[in-house]
Amino acid sequence: MLKIDEKLCIGCGVCEENCAFGAITVVDDLARVNDKCTLCGNCVDNCEVGALFIEEGEVVPKTDLAAYSGVWVYAEFRQGKIAPVVLELLGAGRGLADERGVKLSAVLLGHNLGDSARELIAQGCDEVLQIDNPALADFTDEPYANVLSTLIKQRRPEIVLAGATAIGRSFIPQVATVVGAGLTADCTELAIDEDGSLLQTRPAFGGNIMATIVCPDTRPQMATVRPMVMKALPPDPHRRGVVEDLKAEQFNLTSRVRVLSSVIAEPDKIRLAEADIVVAGGRGLESAKGFALLNELAEVMGGSVAASRAAVDAGWIDYPYQVGQTGKTVAPKLYICCGISGAIQHLVGMQSSETIIAINRDAAAPIFNVATYGIVADLFEILPLLIDELKGAK
Amino acid sequence: MKIIICLKQVPDTRNVRLDPKTNTMSREGVESIMNPYDRHALEEGVSLAAQYGGTVTALSMGPPQAAEMLKEAIACGADQGVLISDRAFAGADTLATTYTLANAVLALGAADLIICGKQAIDGDTAQVGPGLARRLDLAYASCISKIHEVRNDCLLARRMMDDGYDELEITLPALLTVVREINEPRIPSLKGKMNARKAVIKTFNAADIGADTALLGLAGSPTRVARVFAPEVRGERAMLEGTVIEQVKELAAKLEAII
Ligand SMILES: Cc1cc2nc3c(=O)[nH]c(=O)nc-3n(C[C@H](O)[C@H](O)[C@H](O)COP(=O)(O)OP(=O)(O)OC[C@H]3O[C@@H](n4cnc5c(N)ncnc54)[C@H](O)[C@@H]3O)c2cc1C
Ligand SMILES: Cc1cc2nc3c(=O)[nH]c(=O)nc-3n(C[C@H](O)[C@H](O)[C@H](O)COP(=O)(O)OP(=O)(O)OC[C@H]3O[C@@H](n4cnc5c(N)ncnc54)[C@H](O)[C@@H]3O)c2cc1C
Ligand code: SF4
Ligand code: SF4
Chain P
1 MLKIDEKLCI GCGVCEENCA FGAITVVDDL ARVNDKCTLC GNCVDNCEVG
51 ALFIEEGEVV PKTDLAAYSG VWVYAEFRQG KIAPVVLELL GAGRGLADER
101 GVKLSAVLLG HNLGDSAREL IAQGCDEVLQ IDNPALADFT DEPYANVLST
151 LIKQRRPEIV LAGATAIGRS FIPQVATVVG AGLTADCTEL AIDEDGSLLQ
201 TRPAFGGNIM ATIVCPDTRP QMATVRPMVM KALPPDPHRR GVVEDLKAEQ
251 FNLTSRVRVL SSVIAEPDKI RLAEADIVVA GGRGLESAKG FALLNELAEV
301 MGGSVAASRA AVDAGWIDYP YQVGQTGKTV APKLYICCGI SGAIQHLVGM
351 QSSETIIAIN RDAAAPIFNV ATYGIVADLF EILPLLIDEL KGAK
Chain F
1 MKIIICLKQV PDTRNVRLDP KTNTMSREGV ESIMNPYDRH ALEEGVSLAA
51 QYGGTVTALS MGPPQAAEML KEAIACGADQ GVLISDRAFA GADTLATTYT
101 LANAVLALGA ADLIICGKQA IDGDTAQVGP GLARRLDLAY ASCISKIHEV
151 RNDCLLARRM MDDGYDELEI TLPALLTVVR EINEPRIPSL KGKMNARKAV
201 IKTFNAADIG ADTALLGLAG SPTRVARVFA PEVRGERAML EGTVIEQVKE
251 LAAKLEAII
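Order-wise, the sequence lines are chains P and F.
Counting along the first sequence from 1, when you hit position 355 you're at 355 in the numbering used here, and nothing is skipped either side.
Counting along the second sequence from 1, when you hit position 59 you're at 59 in the numbering used here, and nothing is skipped either side.
Treat the hints as calculated values from the structure; they're not laboratory data.
Every residue gets a Cβ at the ideal spot worked out from N, C-alpha and C, and that includes glycine.
Hints should not be assumed to be uniformly reliable.
Residues on chain F that point at chain P, a partial pick, calculated with CB under 10 Å [what the hints assert, rightly or not]:
| no. | residue |
| --- | --- |
| 1 | Glu-43 |
| 2 | Ser-47 |
| 3 | Ala-49 |
| 4 | Arg-159 |
| 5 | Thr-171 |
| 6 | Leu-251 |
Extracted from the complex, chain P is given alone in its bound form (with noise of 0.2 Å):
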């Protein structure tokens, strides 16, 4: 609980400036704090005084934080594939391994994995953990969480990365839970701190504020990292690590969910993910016909569209173009918006993008706050014109 000490407060009301919930108010030259606060410590750290101090209360015997070492990578593995967001993972790990002087391990659970075992050695790690069975050819939640918490158990590692994936959001709050271990969600940035503990960077508010996280008395740390925001590291086929195939049969791979069928969507939406130039539309083109156009553009750019979620409820595209927080997540090297006003719901799915393009008739438009360049005006008018631009350069 956060406690304010009454007789050192001198109402100057630097809390309440510093508190991102509005959870800290002063009332008659007292600061007083209310049921929104989330104990972030902010306003703590800010009151000059020191009237501010958070009661723990009785705190969860220490672990023995010693007794973990090794930082773990989820070679997440779907359908003959590892995913792009491990090689991300390897890399950043690569350097937190390093900096920890400890070994990097990938855990690899699936079915007819072939040699991405090498693949994951390649990329950085210096061991690779596997389980090749047919129980765990379809994820689901319970296999996967079992083996992978049962290893956890058996290995003690310091940190556990998962990519912040649609199977990685779904079965690492499970390991966490069976743990006991602090997890962090959907990661932007990662470092190590001058006692050795990973400190955690993650949006929250739908984007609005960044918090760090960090775990000081339990182990292991667990973060699941947003794709295509940490680097992969160039492969290195020559580089060494020692592979080891575990024993399915000491671990629980029973499942009380049973995939029926998967269904791949079309590989265009799988090329939005990973395009280096992304030209979206929003509502603002109006109709499919103002799609065309964007399309012509997308087009001469070599690029892939994407929509914002105005244009898919209106039904000028199909879902699986939409970016945002309920759509995809995109960081192309370049971002060009027509017609989208830059609502955070779409800015959490494309603010990491290196260059953004804003296209907009009104200036006050919110996507201009993150444009690296911005243009006020009718994109009728604009997009023609830059199209035939684009093409008489070509």
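Chain F with the ligands: place on chain P using the hints.
The following block gives chain F with the ligands in isolation, referenced to the frame of chain P:
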């Protein structure tokens, strides 16, 4: 069928805007609402109960004012609302939250089906559903976009994946998290509103649900928020000026430099 819906009261982050000058959150006019995903969870529970018979309990952990949201849930068709509220819950991360909710579910005498939203729009972790399922040892699947059919001991449902979707057979009792695509939530009916007005929201504290205080709130949370800050402002930023033709030419030049 006994159905429990987990609902969270959240600040309406849709109305939260970043002040581009100070780069802080403007909080004016931000009210507390029912987490939008949970509205879909509730709708699904209410329509399943109507179709297959059963009762719907709306369950929330939160401050006393979350009782208002539970009344709204009753207006939208829930049979009863249960609020778990205690100062000891403050600062709970998802591990402590699922501990609390699991104890509450057990105090309510378990359920055949528990439905959660995919994620809450404030904490944004999507970890409570899967964690709760584990604590209660229930069959579980996330991101359900359609429930096709409920049978005696299982249900058939569609799960959204990054690359498409899976059709699943899920043994009951189970816990599901749902995405918005699953349904169109109803507007409260007049009768619903009247029920809500009359309804008494049952409120339990930590002791009522037999919870161990060492596992609650901040004390029971392995994660700590070390710092909260506004997202970084992007580096270079420019508005293009001039006539339309000039702007197009400048933009084309910039695009060619990038590609
Ligand atoms: C829980 C939740 C989840 C959501 N998830 C997503 C998501 O995943 N993705 C998403 O995109 N949205 C999502 N949304 C919706 C989001 O809040 C916005 O409503 C949506 O992004 C708006 O789309 P838009 O920018 O295309 O439309 P609008 O906000 O209507 O903006 C249209 C813009 O076009 C401009 N314009 C119009 N005509 C022209 C013209 N001729 N030339 C130039 N400019 C023009 C206008 O000035 C305006 O700025 C979500 C909302 C909620 C509540
Ligand atoms: C800035 C910030 C960052 C945070 N980051 C983390 C983090 O990385 N890891 C972590 O473990 N905790 C984190 N927390 C704490 C977390 O927000 C709380 O534990 C919260 O109680 C539940 O998480 P959520 O809001 O993400 O819910 P989600 O897991 O996203 O919610 C999913 C569903 O669970 C149900 N549900 C969730 N909460 C309740 C409730 N109180 N009552 C009834 N049903 C509910 C709803 O159906 C909801 O749709 C963070 C908190 C803040 C303020
Ligand atoms: S910052 Fe400290 S002294 Fe200033 S009002 Fe807040 S609690 Fe009081
Ligand atoms: S601890 Fe965080 S949420 Fe609570 S009052 Fe202080 S700044 Fe606000």
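Tested hints:
no.	hint	result
1	Glu-43	violated, 16 Å
2	Ser-47	violated, 21 Å
3	Ala-49	violated, 22 Å
4	Arg-159	holds, 8 Å
5	Thr-171	holds, 4 Å
6	Leu-251	holds, 6 Å
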